[in-house]
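**Q** Residue-level listing of the chains:
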Amino acid sequence: LAKTTQPISMDSYEGQEVNITCSHNNIATNDYITWYQQFPSQGPRFIIQGYKTKVTNEVASLFIPADRKSSTLSLPRVSLSDTAVYYCLVGDSNYQLIWGAGTKLIIKP
Amino acid sequence: EAGVAQSPRYKIIEKRQSVAFWCNPISGHATLYWYQQILGQGPKLLIQFQNNGVVDDSQLPKDRFSAERLKGVDSTLKIQPAKLEDSAVYLCASSLVFGSGRNEQFFGPGTRLTVL
Chain X
339 LAKTTQPISM DSYEGQEVNI TCSHNNIATN DYITWYQQFP SQGPRFIIQG YKTKVTNEVA
399 SLFIPADRKS STLSLPRVSL SDTAVYYCLV GDSNYQLIWG AGTKLIIKP
Chain R
55 EAGVAQSPRY KIIEKRQSVA FWCNPISGHA TLYWYQQILG QGPKLLIQFQ NNGVVDDSQL
115 PKDRFSAERL KGVDSTLKIQ PAKLEDSAVY LCASSLVFGS GRNEQFFGPG TRLTVL
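In order, the protein sequence lines correspond to chains X and R.
Per the numbering used here, residue 339 is the first one in the first sequence, and the count goes up by one each step.
Per the numbering used here, residue 55 is the first one in the second sequence, and the count goes up by one each step.
A few of these clues could be false.
[What the hints assert, rightly or not] Here are a few chain X residues that face chain R, going by a calculated C-beta distance under 10 angstroms: (1) Thr-342; (2) Gln-344; (3) Pro-345; (4) Thr-372; (5) Thr-391; (6) Gln-434; (7) Ile-436.
Please keep in mind that the hints were generated in silico from the structure rather than gathered at the bench.
Every residue, glycine too, gets a C-beta built ideally from N, C-alpha and C.
Please model the entire structure based on the sequences and the hints provided.
**A** As structure tokens, then:
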């Protein structure tokens, strides 16, 4: 089974850019990398998804190097409401869904 | 658009008892997922359905857990008998089409199970 690795926790301040990296070995060659956000007592919520290079939407950017063994979620100008747990999700070579353990992001005023 | 519905939201049972959770996915979503999320951990996929067929149940403890998705819509996850280590939040999610990781999953609020 593939494994993903993320930092357990991160702190930052309002208005800063936050980058969270996920390492994922044995990712399926044609599978996507997806990031989710989860608040307490809620189910995860989709943030962004990509296959390679860079993807940007209205809330985040996702950077994926050519070897696709890692990905970096970038949150620009964070606010207190971005305090949450962030998960990366990949499919492994057996097309099983592998979730990271999550990164608890705390934004301070 | 209505989201993924789950019930009950909370359940407390004694070990060795049985429990069932219900999920109603977003209308038209072909793929349905059941996850177990233990406090402080990421979601663990238990079973994935494509319409009413099972795509992946490799991490489902089949000696005590069972799931069905009749008519390719609603789904029920059952635990019989429950163990203390089954205490967790059980999340249901759905996505429009099949494809591991490729498709946005929409999650329900989850059912928090406590086994005493």
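**Q** Compare the structure with each hint and give your call.
**A** The hints, checked one at a time:
1. Contact between Thr-342 of chain X and chain R, as hinted, is supported at the beta carbon level, the nearest pair being about 8 angstroms apart and thus within 10 angstroms.
2. The interface hint given for Gln-344 of chain X is met, as the beta carbon of that residue sits about 9 angstroms from the closest beta carbon of chain R, less than 10 angstroms.
3. Interface restraint check for Pro-345 of chain X: the shortest CB-CB distance to chain R comes to about 13 angstroms, outside 10 angstroms, so the restraint is violated.
4. With its C-beta approaching chain R no nearer than about 6 angstroms, Thr-372 of chain X sits inside the 10 angstroms limit, and its interface hint holds.
5. Interface hint at Thr-391 of chain X: violated, since its Cβ lies 17 angstroms from the closest Cβ of chain R, which is beyond the 10 angstroms cut-off.
6. Against a cut-off of 10 angstroms between C-beta atoms, the interface hint on Gln-434 of chain X holds, since the closest Cβ of chain R lies about 6 angstroms away.
7. For Ile-436 of chain X, the suggested interface contact is upheld, since its CB lies about 8 angstroms from the closest CB of chain R, less than 10 angstroms.
Taken one by one, the earlier hints fail for this structure at numbers 3 and 5, listed in ascending order.
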